[in-house]
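Asker: What follows is each chain in one-letter form.
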Amino acid sequence: MSETANGLGELEVGRVVAERDLHLTREGLVRYAGASGDFNAIHYRDDVAAAVGLPGVLAHGMLTMGAAVQPVIDWAGPSRVLDYQVRFTRPVVVDPESGAALHVVATVGKLDEGTARIDLTVTFADQTVLGKAQVVVATDR
Amino acid sequence: MPVNPEIQGRQYPPTAPYLVGREKVREFARAVQATHPEHHDVEAARAAGHADVIAPPTFAIVIQQLTWNQLLDDPTAGIVLERIVHGDQRFTASRPIVAGDELTAQLTVTRVRSLGGNDMVTCETEVTDASGAHVVTATSSLVVAGEAA
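Protein chains in written order, with our numbering: chain A, 2 to 142; chain B, 85 to 233.
Treat each hint with caution, since some may be false.
What the hints assert, rightly or not - Quick partial rundown of chain B residues pointing at chain A, CB under 10 Å, derived from the structure:
#1 Phe112
#2 Asp172
#3 Thr212
#4 Ala214
Just so you know, these hints were derived from the structure itself, not from any lab.
Here a beta-carbon is modelled for each residue, glycine too, at the ideal position from N, C-alpha and C.
Taking the hints into account, I'd like the entire structure generated from these sequences.
Answerer: In structure tokens form, the structure reads like this:
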């Protein structure tokens, strides 16, 4: 795990502000199901996932979205997040034994008056799983 | 039954108030691997100017799901849970959600369109606090798979 020191005053487009490895496990999916109230069985039952033609039990897209922003929150502080959006482009299959390893890179995508757009690249098995993953943070306070 | 295109523009009644509990915030934060002290430690949150621990930005999904249920329970909408895939999601916040907030949510279906045999339903859930002030808008596209060919 590596983090870049908070430097909200000296940002430039293209700079990596945070980077982190995330690990999702089956236990983590059950934990997220309980915390969020999303009990769709494709997130914890292999038989149900197989019956609907999936390659395995999938992580909740909202779990991937929720975890992927954490490196940015640790860097900028949770109160600075104004806007956060993602597109769910590829499923994350969570192996019952080894789980799923994700990698997040957060890069400055655009600077505006008082805000910065941070673009997230989230990869699983060397493929991106989120599209247009963008976090707008306040830089003026 | 395909998605009823006439639900475009439909607004559902506001949900009953949801009281955000401190332990629920901590539970959700653990689930999304959010370790920042302001999500867990009341003193750290207060030092940062909040009344109590604050929720991670995606916590609003818990409230938003209550409004999705209205859509699923609407027999005229033609939306069945088993055929939904989450296409995209956005949260636009005026302020973080804080433990102790009493939140109400109202869903509007903003767009329905056909897309290669599927239907794409875009909806916007406005979350407001007990004073009626805006807290966060959650926008989602739900892809509803067409009947098997």
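Asker: Which hint numbers does the structure go against, in order from smallest to largest?
Answerer: The structure conflicts with hints 3 and 4, although it agrees with all the remaining ones.
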